[in-house]
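> One letter stands for each residue in the lines below.
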Amino acid sequence: MKKILPIVLLGLLLLSGCAESAPCQTEFFAMDTLMELKVWGDATALEAAREEILRLEALCSATDAGSALSHLNQEGYAALSPELCALTEDALRLSDKTCGIFDPTVYPLVCAWGFPDDSFRVPQKQELSALLSYVGTQHVHVTDAEVVLDEGTALDFGGIAKGYAAQRCTEVLREMGVTTALLALGGNVQTLGTKPDGNPWVIGIADPAAPSQAIATLSFTGSRALVTSGSYQRCFVQDGQRYHHILDPKTGRPAESGLASVTVLCDNGTVADVYSTALFVMGLEDGAEFWRQWRDFEAVFITEDGSIYATSGCAQWLSGCEFTEIRP
Amino acid sequence: MTNQRWILLICAFALLCSGATLLLHDAAAPAKTACIYSDGIKVMELELGNDAQYRITWKEHWNQIRVEDGKIRVAAASCQSQDCVNHGSANCGAPIVCLPNRLVITFSSDDGYDAIVG
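If you read the protein sequences in the order shown, they are chains A and B.
Quick note on numbering: this note's numbering labels position 145 of the first sequence as 155, and the sequence is numbered without any gaps.
Quick note on numbering: this note's numbering labels position 23 of the second sequence as 82, and the sequence is numbered without any gaps.
Simulated from the structure, these hints should not be mistaken for lab results.
Keep in mind that the hints are not guaranteed to be accurate.
Said to hold, decoys possible - Here are the simulated BS3-like cross-link-like pairs (lysine-lysine), alpha carbons at most 27 angstroms apart as the crow flies:
no. : chain 1 : residue 1 : chain 2 : residue 2
1   : A       : K205      : A       : K107
2   : B       : K101      : B       : K130
3   : B       : K91       : A       : K260
4   : B       : K130      : A       : K48
5   : B       : K118      : B       : K101
6   : A       : K48       : A       : K205
7   : B       : K101      : A       : K48
8   : B       : K101      : B       : K91
9   : A       : K205      : B       : K118
10  : A       : K135      : A       : K48
11  : B       : K91       : B       : K130
Unchecked claim - Pulled a few chain B residues facing chain A out of the computed Cβ check, cut under 8 angstroms:
no. : residue
12  : I95
13  : A134
14  : C138
15  : V144
16  : S167
Glycine is no exception: its CB is placed at the ideal position from the N, C-alpha and C atoms.
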């Protein structure tokens, strides 16, 4: 006993003094936004996640003239990698699921408003009408390894690429044995595993009126993708009128749905990214109906007057605000 | 010493060590500061208690930064979107980002959130 006790004492001393392990972290610009990665693991895994994001940016960027997607948009056809073909098919499938409210072919409209290079302008009605004839997934033809676009049509993965990147990063990290990570890709957050201290992840939802502050808090455990689409993100003011970047593919204009933001929680980052855009365009009532129909995600809606609505599956995780529960 | 006394001693020692760790952790908690990054490089770390203003330039782009009343904001910027200016004053929460000018302002204070989505 006397021989063991000093060892026990030393062990207790070390355990009690052991601080929670610090994550490896990095911040960098990619996909036209700020990427913040925290990985509880070695630096190699962090670097692998960073490289995965940069690889996908080179693949999916519509503004980088050297990307595979830009090549497709310029030429009208391209033999794409199986990965990009699959992502294109996912985008088309999800567009169909949202009845075309999420539409990856809005790029001609996005360019007309000047969002890709911040050369903002308000297009005339006739110009939008002409461009709308190029919009719609019926203009995209996917075969086994080739994508063909009708004349004037162009793809934009801005509403899906960050979600897909988050999804891919978690897969890369898992393959490298990482069990805990927190990825903030612009407005998207992806959690992986359980926090080292065992506490729930605590994620704030940005206040549309003051985006640096949280208006509500989501606390949950496990791996989840969270994506917010909001009218306060990427917008410009002309002649006293504010124009945001989430375009309604039916009108070609910034969506006016009465929502200031919508946050989607889902197991799949790609789906979360698409749904947040689609739900923002749908608005509260149609968005709630979409949730009742599919039930493969949860959502927090914030209306322009600041009212908060949450689907019943995530109501238990929501705190710090008054809200109305959306029931099945 | 009897076994009971040894157990008591071990427990007391462990409690002492845990308390000391907590105290040291609190003592090491940073004051409210902000870090300014330009094109991925940390160019400045600021105490938000001291009012000041700075101009950060990157290539031909610039951001005018103001610290006042314990908060920091981008007062003016050369970018088209003005998202960084519209972000307003902050001392915690989501970083202030100016994408065209490759400027990021982060906060060291712990606001209790692991991240802010939005």
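> It remains to establish, for every hint, whether it holds in the given structure.
Evaluated hints:
1. A:K205 to A:K107: violated (34 angstroms)
2. B:K101 to B:K130: Judged against 27 angstroms, a Cα distance of about 19 angstroms means the pair holds.
3. B:K91 to A:K260: Violated - the C-alpha atoms of K260 (chain A) and K91 (chain B) are around 47 angstroms apart, more than 27 angstroms.
4. B:K130 to A:K48: holds (25 angstroms)
5. B:K118 to B:K101: holds (16 angstroms)
6. A:K48 to A:K205: Since the Cα atoms of K48 (chain A) and K205 (chain A) sit roughly 11 angstroms apart, the hinted pair holds (cutoff 27 angstroms).
7. B:K101 to A:K48: holds (18 angstroms)
8. B:K101 to B:K91: holds (17 angstroms)
9. A:K205 to B:K118: violated (40 angstroms)
10. A:K135 to A:K48: violated (45 angstroms)
11. B:K91 to B:K130: Distance ~9 angstroms between K91 (chain B) and K130 (chain B) Cα, so the pair holds.
12. I95: violated (12 angstroms)
13. A134: It is violated, given that the least Cβ distance between A134 (chain B) and chain A is near 15 angstroms, above 8 angstroms.
14. C138: OK, holds: C138 (chain B) within 8 angstroms of chain A, min 7 angstroms.
15. V144: violated (11 angstroms)
16. S167: violated (13 angstroms)
The structure is inconsistent with the numbered hints 1, 3, 9, 10, 12, 13, 15 and 16, although it conforms to all the rest.
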